[in-house]
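Visitor: Turn these sequences into a full structure, and let the hints guide you.
Chains Z and S are the protein sequences, given in the same order.
Letter by letter, the first sequence follows residues 15 to 439 in our numbering.
Letter by letter, the second sequence follows residues 24 to 762 in our numbering.
For the record, the hints were derived by calculation from the structure and aren't laboratory data.
Please read all numbers here as calculations on a predicted model, not as lab measurements.
For glycine and all other residues, C-beta sits at the position ideal for the given N, C-alpha and C.
List time: in silico DSS-like cross-link candidates among lysine-lysine, alpha-carbon distance up to 30 Å: (1) 155(S) with 100(Z); (2) 395(Z) with 340(S); (3) 290(Z) with 301(S); (4) 290(Z) with 340(S); (5) 215(Z) with 268(S); (6) 600(S) with 43(Z); (7) 395(Z) with 75(Z); (8) 395(Z) with 362(Z).
With the C-beta cut set under 7 Å, the calculated list includes, among others, these residues of chain S facing chain Z: (9) 204; (10) 268; (11) 317; (12) 318; (13) 385; (14) 589.
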Amino acid sequence: MSASAVFILDVKGKPLISRNYKGDVAMSKIEHFMPLLVQREEEGALAPLLSHGQVHFLWIKHSNLYLVATTAKNANASLVYSFLYKTIEVFCEYFKELEEESIRDNFVIVYELLDELMDFGFPQTTDSKILQEYITQQSNKLETGKSRVPPTVTNAVSWRSEGIKYKKNEVFIDVIESVNLLVNANGSVLLSEIVGTIKLKVFLSGMPELRLGLNDRVLFELTGLSGGKNKSVELEDVKFHQCVRLSRFDNDRTISFIPPDGDFELMSYRLSTQVKPLIWIESVIEKFSHSRVEIMVKAKGQFKKQSVANGVEISVPVPSDADSPRFKTSVGSAKYVPERNVVIWSIKSFPGGKEYLMRAHFGLPSVEKEEVEGRPPIGVKFEIPYFTVSGIQVRYMKIIEKSGYQALPWVRYITQSGDYQLRTS
Amino acid sequence: MPYLGSEDVVKELKKALCNPHIQADRLRYRNVIQRVIRYMTQGLDMSGVFMEMVKASATVDIVQKKLVYLYMCTYAPLKPDLALLAINTLCKDCSDPNPMVRGLALRSMCSLRMPGVQEYIQQPILNGLRDKASYVRRVAVLGCAKMHNLHGDSEVDGALVNELYSLLRDQDPIVVVNCLRSLEEILKQEGGVVINKPIAHHLLNRMSKLDQWGQAEVLNFLLRYQPRSEEELFDILNLLDSFLKSSSPGVVMGATKFFLILAKKFPHVQTDVLVRVKGPLLAACSSESRELCFVALCHVRQILHSLPGHFSSHYKKFFCSYSEPHYIKLQKVEVLCELVNDENVQQVLEELRGYCTDVSADFAQAAIFAIGGIARTYTDQCVQILTELLGLRQEHITTVVVQTFRDLVWLCPQCTEAVCQALPGCEENIQDSEGKQALIWLLGVHGERIPNAPYVLEDFVENVKSETFPAVKMELLTALLRLFLSRPAECQDMLGRLLYYCIEEEKDMAVRDRGLFYYRLLLVGIDEVKRILCSPKSDPTLGLLEDPAERPVNSWASDFNTLVPVYGKAHWATISKCQGAERCGPELPKTSSFAASGPLIPEDNKEREQELPDSGALMLVPNRQLTAEYFEKTWLSLKVAHQQVLPWRGEFHPDTLQMALQVVNIQTIAMSRAGTRPWKAYLSAQDDTGCLFLIELLLEPENSEMQISVKQNEARTETLNSFISVLETVIGTIEQIKS
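Guide: Shown next, in the form of structure tokens:
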């Protein structure tokens, strides 16, 4: 990849801040960006890649900002987008929220970061944990001028500094599975997949060597553990954090690594085995033109009775000109959110096997609106603790450090909704 | 924005910067400097306080230093003489005990982009390369490339290059990758950094230590390495196998490309790689980042071009979700259109049908065109769906359906009957030019099968005065004349009226001329009109273009993971036309316009472009493969520029001809199977000025002749003639070999 320059623009396309890394594309070219974007949008041909003459603009939008990379080369698109997203991630860790105000308020740090993230159009140090060691938020305070180079900038293991110390050595393991679901209006499941991630929160001293054991089917078959009462899971598309020794995983499926300090995502995987939709929705939306809309939604928990889904939110679309809402729910509460044109039915706790009902009634104006409306889907949000759809389990986590301390791993399982949509007719 | 004008602001800031009280108070001093930078960021010209800012660089406060250096890099090109004054401070900082300061100073110094700075930065860079802190070495290594760029056309410093090559063995992974990047830039005229066996193996062993950017980049550099033996090749593939599983999409794509190219002689390995990359690509297609998802979809389409069935079982992954942006939905519809097969056609069509009634007219129309595309293979089902859509009586739907019908009957004549039955009534729901033209064309060509065709056309004739589109009038003239030939009694009267209107009242000259032309033609006699106007009503052989022979993976492997698949090949061709010189940049000798002074924007590209036509010789560009759709569109829109008949005796082997044409960079878009009579082929070629040639070969063995028709997108006789002679030579040679 090579980006010639990176720009952060406000919503009107005015550059808030920019960095010219390579100098082979005139900085004034950015003036063409917004007109081009608007023109493409009108033509219905907007894409995240625009070109003007010799210059390519690769851009992403984040809240009210545009991040644009310009290049005159036939660059590697996915790498440039990854870099822009990385930039956002780093900024977010510094400013909590990234938007026009935070860029304006922190322009000194933004310049400092842009300087370290990339040089001559090539990404350099992009790990925010390492950056935070030598570019600090309190830059307004005076420094002594004797700031040391943090060891990680020069380390062989680029993701962990040496000499980390904790009184209590602990590792928290979160196994999180998101369910993506797309159901057609006639009730047939079009798409159902599970995306799992294992996140670690590491509070360990020194340079520990970790080994994680899962009930991975391939591993069980390798070691002859399969069959019997050992339930195993077949993981697809396993992806690891850079710290995991991939060659070892390929050889004997061992997940071994020296972890970064603090929070990070160790691995992700996918399962496309068809599972019963955890929360099933049946809906009837009847629209009587010029008078009213009547909505009936039935939700059913199709998971184990012992488990409970928390924070269930079912959002049902209503016409934008609907008024005077009335609701009746067998459990939980319903709320009309006119700015999103939905009714949100919230159920704090939803045990498996239960079935609940909501009815809603809306008035419609007698004069019908001109423009046609789309048919947004019903969306569902939920979280089921102590449960994974796939049945994945952490069998052990071995922690070895040369000082020989004892460390405790804590494991937590959670299943939550990902992109969970049911189309309406 | 400041309330004051920028001049007042500069004056005020200058005063503040000079004020010894402020200078003594670090916090206040830094605040003033921050204000300067803030105004600079807002686009105000702050070059007026350059002197004062240079002075402010002598500080122990590293943040203040950073700000000042940033300021200097921005304004140095405007104030080169003043900037030289800052060099001293910078040089001093380059030997500061704090490596952060050394790195910062060196990086800033190399980014000054002004003439004359080279001589000052050479020594600090050399020192930097040997610095004990890797942070400084990283900066120094890239500094070499910056220095080389500042020199312009200067000669490559051999000693420096050697030093960089030896730094490839550095401890620090970023230094290693920076070395590659830097060497690539310095040696770009010699074809970039050389990857020999020891370097390649060294890099391969370091791969796992690199960050995602480094890995992606090294994978790209490794493409240059040719393993000596098959064994070595498979060892390398094994070593890099795990990178197909990386969590970074950039690395996955890079690894895929690497595998495809390295295994270019082993088709089964390539196929295996594409099978294994399926999962990661599908995951990227549902990535949270829309842009990465878009890029992945573009690459999926690229793969589908060679392996049409590759993603067929995963078709549901390409169903659109309500909230996705337009560009993703459009890509998904294209993908669905291409992966359709006997098993999933029912479900795909059902899904696409749902999109046809989407609120977004653009998206709905794209879905209808997609169904039209699928109709070329699954005609009956699709025509039925399209016919049902007409029942919705929506303008934006009807017009696209009718256009789809027009294209369909031309390619698949078997559906003519069904289309003709569906047409009546459509005229009420069509307002736009494209739709009207399509409908009128259908009524003219197939009017004898549509009972009310004359009445519909009569309506158009009645309203011709208020018709705004000349193209519709032209189409109407032709259609009515055609219908007149098959149904004279019903049409004679209105044809007269239309001709009268066009000749006497029409203001558009093209329409008027067309009217006059038909009028005179009619005077010659009805048989003559028939002879001239009645051409075939369909051309299924053009369907050949829709089902091109499988395109080999190697034809696009080198474009994989670049901008080409993201723009689409056709669009890329038009973009690179204006960038033409830039793409072949490294091979061409550099012109002297890359002077050491002045802005470093490579303006020499423009000059090269102008130079090329003068050279006179025809240069066909390799690997300029057009898509069949693009070819068809262009072919239909152009007129034949040259037609000629060559003798052809004896046997005929299409493969030999295709290979021979490939050698001279003429690409085959589609051709009939060997032995078909008459045998047809469509070819394309493009020269370095962007002029496109489209060629049709028609071989009729009975007559022992090969008919050549050439179309050209820019009328340039000279290039046309040289192109024809190239083509003649190739065909002549092949013919001689055979006979």
